[in-house]
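Protein chains: 2
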Amino acid sequence: MTNRITSLFHIQHPIIQAGMVWVSGWKLASAVSNAGALGLIGAGSMKPELLREHLHKIKSATQKSFGVNIPLLRGDIEDLIAVVVEEKVKIIFTSAGHPGRHIDKFKSYGASVVHVVANVKQALKAEEVGCDAVVAEGYEAGGHNGLDEITTLTLVPQIVDAVEIPVIAAGGIADGRGMLAAFALGAEAVQIGTRFAATIESSAHELYKQKIVEAKDGDTLLVYHNLLPVRMIRNPFAKQVQKEESEKGITRGRMMELHAKGRERKGIFEGNWEEGELEMGQSSGLVKEILPAADVVSRLMKEFEDGKKKIASV
Amino acid sequence: MTNRITSLFHIQHPIIQAGMVWVSGWKLASAVSNAGALGLIGAGSMKPELLREHLHKIKSATQKSFGVNIPLLRGDIEDLIAVVVEEKVKIIFTSAGHPGRHIDKFKSYGASVVHVVANVKQALKAEEVGCDAVVAEGYEAGGHNGLDEITTLTLVPQIVDAVEIPVIAAGGIADGRGMLAAFALGAEAVQIGTRFAATIESSAHELYKQKIVEAKDGDTLLVYHNLLPVRMIRNPFAKQVQKEESEKGITRGRMMELHAKGRERKGIFEGNWEEGELEMGQSSGLVKEILPAADVVSRLMKEFEDGKKKIASV
Numbered sequence: 467m468t469n470r471i472t473s474l475f476h477i478q479h480p481i482i483q484a485g486m487v488w489v490s491g492w493k494l495a496s497a498v499s500n501a502g503a504l505g506l507i508g509a510g511s512m513k514p515e516l517l518r519e520h521l522h523k524i525k526s527a528t529q530k531s532f533g534v535n536i537p538l539l540r541g542d543i544e545d546l547i548a549v550v551v552e553e554k555v556k557i558i559f560t561s562a563g564h565p566g567r568h569i570d571k572f573k574s575y576g577a578s579v580v581h582v583v584a585n586v587k588q589a590l591k592a593e594e595v596g597c598d599a600v601v602a603e604g605y606e607a608g609g610h611n612g613l614d615e616i617t618t619l620t621l622v623p624q625i626v627d628a629v630e631i632p633v634i635a636a637g638g639i640a641d642g643r644g645m646l647a648a649f650a651l652g653a654e655a656v657q658i659g660t661r662f663a664a665t666i667e668s669s670a671h672e673l674y675k676q677k678i679v680e681a682k683d684g685d686t687l688l689v690y691h692n693l694l695p696v697r698m699i700r701n702p703f704a705k706q707v708q709k710e711e712s713e714k715g716i717t718r719g720r721m722m723e724l725h726a727k728g729r730e731r732k733g734i735f736e737g738n739w740e741e742g743e744l745e746m747g748q749s750s751g752l753v754k755e756i757l758p759a760a761d762v763v764s765r766l767m768k769e770f771e772d773g774k775k776k777i778a779s780v
Numbered sequence: 467m468t469n470r471i472t473s474l475f476h477i478q479h480p481i482i483q484a485g486m487v488w489v490s491g492w493k494l495a496s497a498v499s500n501a502g503a504l505g506l507i508g509a510g511s512m513k514p515e516l517l518r519e520h521l522h523k524i525k526s527a528t529q530k531s532f533g534v535n536i537p538l539l540r541g542d543i544e545d546l547i548a549v550v551v552e553e554k555v556k557i558i559f560t561s562a563g564h565p566g567r568h569i570d571k572f573k574s575y576g577a578s579v580v581h582v583v584a585n586v587k588q589a590l591k592a593e594e595v596g597c598d599a600v601v602a603e604g605y606e607a608g609g610h611n612g613l614d615e616i617t618t619l620t621l622v623p624q625i626v627d628a629v630e631i632p633v634i635a636a637g638g639i640a641d642g643r644g645m646l647a648a649f650a651l652g653a654e655a656v657q658i659g660t661r662f663a664a665t666i667e668s669s670a671h672e673l674y675k676q677k678i679v680e681a682k683d684g685d686t687l688l689v690y691h692n693l694l695p696v697r698m699i700r701n702p703f704a705k706q707v708q709k710e711e712s713e714k715g716i717t718r719g720r721m722m723e724l725h726a727k728g729r730e731r732k733g734i735f736e737g738n739w740e741e742g743e744l745e746m747g748q749s750s751g752l753v754k755e756i757l758p759a760a761d762v763v764s765r766l767m768k769e770f771e772d773g774k775k776k777i778a779s780v
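Protein sequence lines correspond, in order, to chains A and G.
To convert, count from 1 in the first sequence and add 466; that's this note's numbering.
To convert, count from 1 in the second sequence and add 466; that's this note's numbering.
There's no promise every hint is true.
Identical chains blur together in the list; that is why a pair holds if it fits in one copy or across any two.
[Claimed, not checked] List of simulated lysine to any residue pairs, SDA-like, C-alpha gap at most 20 Å: (1) Lys714 <-> Leu694; (2) Lys775 <-> Thr468; (3) Lys776 <-> Ile631; (4) Lys776 <-> Arg470; (5) Lys705 <-> Asn692; (6) Lys776 <-> Asp627; (7) Lys774 <-> Thr468; (8) Lys775 <-> Val626; (9) Lys571 <-> Val551; (10) Lys682 <-> Ala628; (11) Lys523 <-> Ile569; (12) Lys714 <-> Pro695; (13) Lys493 <-> Lys525; (14) Lys573 <-> Leu474; (15) Lys591 <-> Val626; (16) Lys513 <-> Leu539; (17) Lys768 <-> Val780.
Don't read these hints as lab results, they were simulated from the structure.
Using the sequences and the accompanying hints, generate a full structural model.
In structure tokens form, the structure reads like this:
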């Protein structure tokens with residue numbers, strides 16, 4: 467398959483593995499890239515020098531395209547970007563914040579820049595400042611989420627209609643059916659997080675991977691509505707936050723206290739079921755086993771191709 | 467096109483117009499049915515004798531299949547059901563409540579019964595009590611909504627995997643792209659509300675229809691989380707409720723006070739922008755004009771067929 471996204475990234479399959487904190491280091495990203503899709507290192511949970519280490523390792527582990535996801539709201543964002551620029555990473559996915567403030571640094575050495583957006587306005591802005599593509603991420607996605615709560619099904623076609631640059635659909639996609647649905651909506655690739663978080667090569671704790679596999683349809687929830695929404699599994703910590711939020715509301719100060727540094731690490735990397743934030747998307751209900759990342763890529767493509775044939779005969 | 471849903475309802479196109487309070491009387495439902503899709507009378511806003519009047523009128527207005535949507539939680543549900551049974555309505559869509567308590571009354575004269583569900587458990591239950599199909603309705607849908615906040619993109623395939631009966635996708639679908647996406651996920655028909663609410667034949671107030679057309683991607687919101695969630699446009703009333711909910715939480719008693727009888731009528735039927743509940747889905751961002759219902763049906767089918775061809779060549 468060839469389209470604007472596969473050409474932009476020089477990849478075989480229009481599948482991008484989301485850059486996820488505590489989940490996607492060089493190991494997962496290189497496994498996905500070696501399978502013909504695009505692996506992303508999630509820099510969100512890495513200090514600048516650790517990111518450099520992962521970049522060195524991934525360069526040894528794959529000859530294919532890979533990228534880095536950078537959450538722009540980090541305090542040490544300049545140091546993190548300096549590493550990416552020094553290492554001349556060719557594909558940058560930015561999330562949160564304003565890509566316009568940093569895009570020139572990446573463009574100066576010819577990198578492609580993709581921004582993650584959650585509404586039409588952000589997509590138009592990303593296009594205006596020169597991004598090569600956008601990820602349209604819906605309400606069902608795991609982890610940090612948009613304030614508008616727009617779902618992938620309604621977000622993707624509205625962004626496709628609004629911008630000229632290619633659109634990558636994210637949120638709620640875990641199999642070839644979801645991938646085909648995204649293409650039906652006009653997307654030219656999909657970004658998949660949760661499904662890849664539950665792979666052999668994912669750096670996450672085994673308990674966290676197991677919880678993805680066990681999750682049923684209604685097992686995730688969103689907290690910190692109207693502040694800094696985050697989707698996670700309904701564990702004791704999440705239930706406590708939801709209760710507090712629905713009974714008396716949560717202020718920004720209280721949120722900072724609850725969502726303190728270490729909460730994601732505790733949940734995802736250390737497997738602390740009681741107290742951690744185990745961020746995952748609603749697509750967890752569709753994930754049934756822990757596979758090697760390459761198998762996930764090949765199954766997605768097979769299901770996608772089968773689905774295309776099936777829908778042609780509807 | 468022929469599949470289990472078109473055969474069940476004896477319709478040409480796998481499109482169902484949602485039964486909507488203050489919107490879908492005999493006029494809209496017959497227009498949709500005459501166009502080869504399935505029109506539903508929304509009994510939710512009708513007293514039993516008014517429903518009987520609409521049933522008499524629709525029988526004169528169309529020779530084709532039509533149905534009635536009945537919200538089972540109504541206080542006078544027995545009287546409402548008595549009218550439906552006396553009039554021998556052949557297609558019943560039930561929402562909220564437990565269809566098992568009433569299904570025998572409909573089955574006794576050979577009607578088809580479809581229940582609207584928002585999670586896998588409800589779908590299994592509907593199948594178990596003998597429903598002929600389920601509507602899998604996601605978080606993006608307008609009006610009353612499930613507690614689990616599961617989006618259409620993740621809900622539909624999980625329900626398709628769980629039940630044997632056919633699945634109708636609802637929530638977030640307003641054009642042929644969304645319809646094709648629903649089929650990619652395994653649905654055999656779509657139920658569409660908001661797009662039909664903004665048609666010439668809709669009984670809603672002109673202001674309400676215009677607000678659907680003007681709505682942008684992030685213009686609806688959900689209130690009464692964890693109680694009785696309702697999606698509506700972000701008007702002064704909705705913003706006031708959202709503010710109260712996020713700042714101090716809303717109890718069941720307070721919700722009953724806010725969502726009092728008359729609020730939906732005020733918003734949808736009387737066009738009161740300040741104080742009404744103007745219920746609509748996230749798909750309102752995709753609705754660009756007020757058309758005759760038959761044109762909506764033919765455009766949906768054309769876009770769906772065009773999309774099928776396009777995706778086959780991806």
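Cross-check of the supplied hints:
1. Taking identical chains as interchangeable, the C-alpha atoms of lysine 714 and leucine 694 lie at most 20 Å apart whether they share a chain (17 Å) or sit on different chains (17 Å).
2. Taking the closest pair of Cα atoms, lysine 775 and threonine 468 come within 20 Å of each other both inside a single copy (18 Å) and across two copies (17 Å).
3. In this homomeric assembly, lysine 776 and isoleucine 631 come within 20 Å of each other (Cα to Cα) only across copies, at 19 Å, whereas the closest approach inside a single copy is 29 Å.
4. For a Cα distance limit of 20 Å, the shortest separation of lysine 776 from arginine 470 across copies, 15 Å, qualifies, whereas the shortest one inside one copy, 25 Å, does not.
5. Within a single copy, lysine 705 and asparagine 692 get their C-alpha atoms as close as 18 Å, and across copies as close as 12 Å, so both meet the 20 Å cut-off.
6. Proximity of lysine 776 to aspartate 627 under the C-alpha cut-off of 20 Å is restricted to the inter-copy arrangement: shortest distance 16 Å between copies versus 27 Å within a copy.
7. For the identical chains of this complex, lysine 774 and threonine 468 are neighbours both inside a copy (16 Å) and across copies (18 Å), given an alpha-carbon limit of 20 Å.
8. Taking the shortest alpha-carbon separations for lysine 775 and valine 626, only the inter-copy value of 18 Å comes in at or below 20 Å, while the best intra-copy value is 24 Å.
9. Taking identical chains as interchangeable, the C-alpha atoms of lysine 571 and valine 551 lie at most 20 Å apart only when both belong to the same chain, with a minimum of 7 Å there against 70 Å between chains.
10. Taking CA atoms no more than 20 Å apart as the test, lysine 682 paired with alanine 628 passes between copies only; the shortest distance there is 12 Å, against 34 Å inside one copy.
11. Neither within a single protomer nor between protomers do lysine 523 and isoleucine 569 lie at most 20 Å apart by alpha-carbon distance, with minima of 25 Å and 62 Å respectively.
12. Taking CA atoms no more than 20 Å apart as the test, lysine 714 paired with proline 695 passes in both settings, with 17 Å inside one copy and 17 Å between copies.
13. Taking the shortest Cα distances, lysine 493 and lysine 525 sit within 20 Å of each other inside one copy (11 Å), while across copies they are farther apart (65 Å).
14. With identical chains, the CA atoms of lysine 573 and leucine 474 are at most 20 Å apart within one copy only, with a shortest distance of 14 Å there and 57 Å across copies.
15. When the C-alpha separation of lysine 591 and valine 626 is checked against a cutoff of 20 Å, the pair qualifies only within one copy, where the shortest distance is 14 Å, while the shortest distance between copies is 38 Å.
16. Within a single copy, lysine 513 and leucine 539 get their C-alpha atoms as close as 14 Å, which meets the 20 Å cut-off; across copies the closest is 54 Å, which misses it.
17. Proximity of lysine 768 to valine 780 under the C-alpha cut-off of 20 Å is found in both arrangements, the shortest distances being 19 Å within a copy and 14 Å between copies.
In terms of the numbered hints stated before, the structure departs from hint 11 and from no other.
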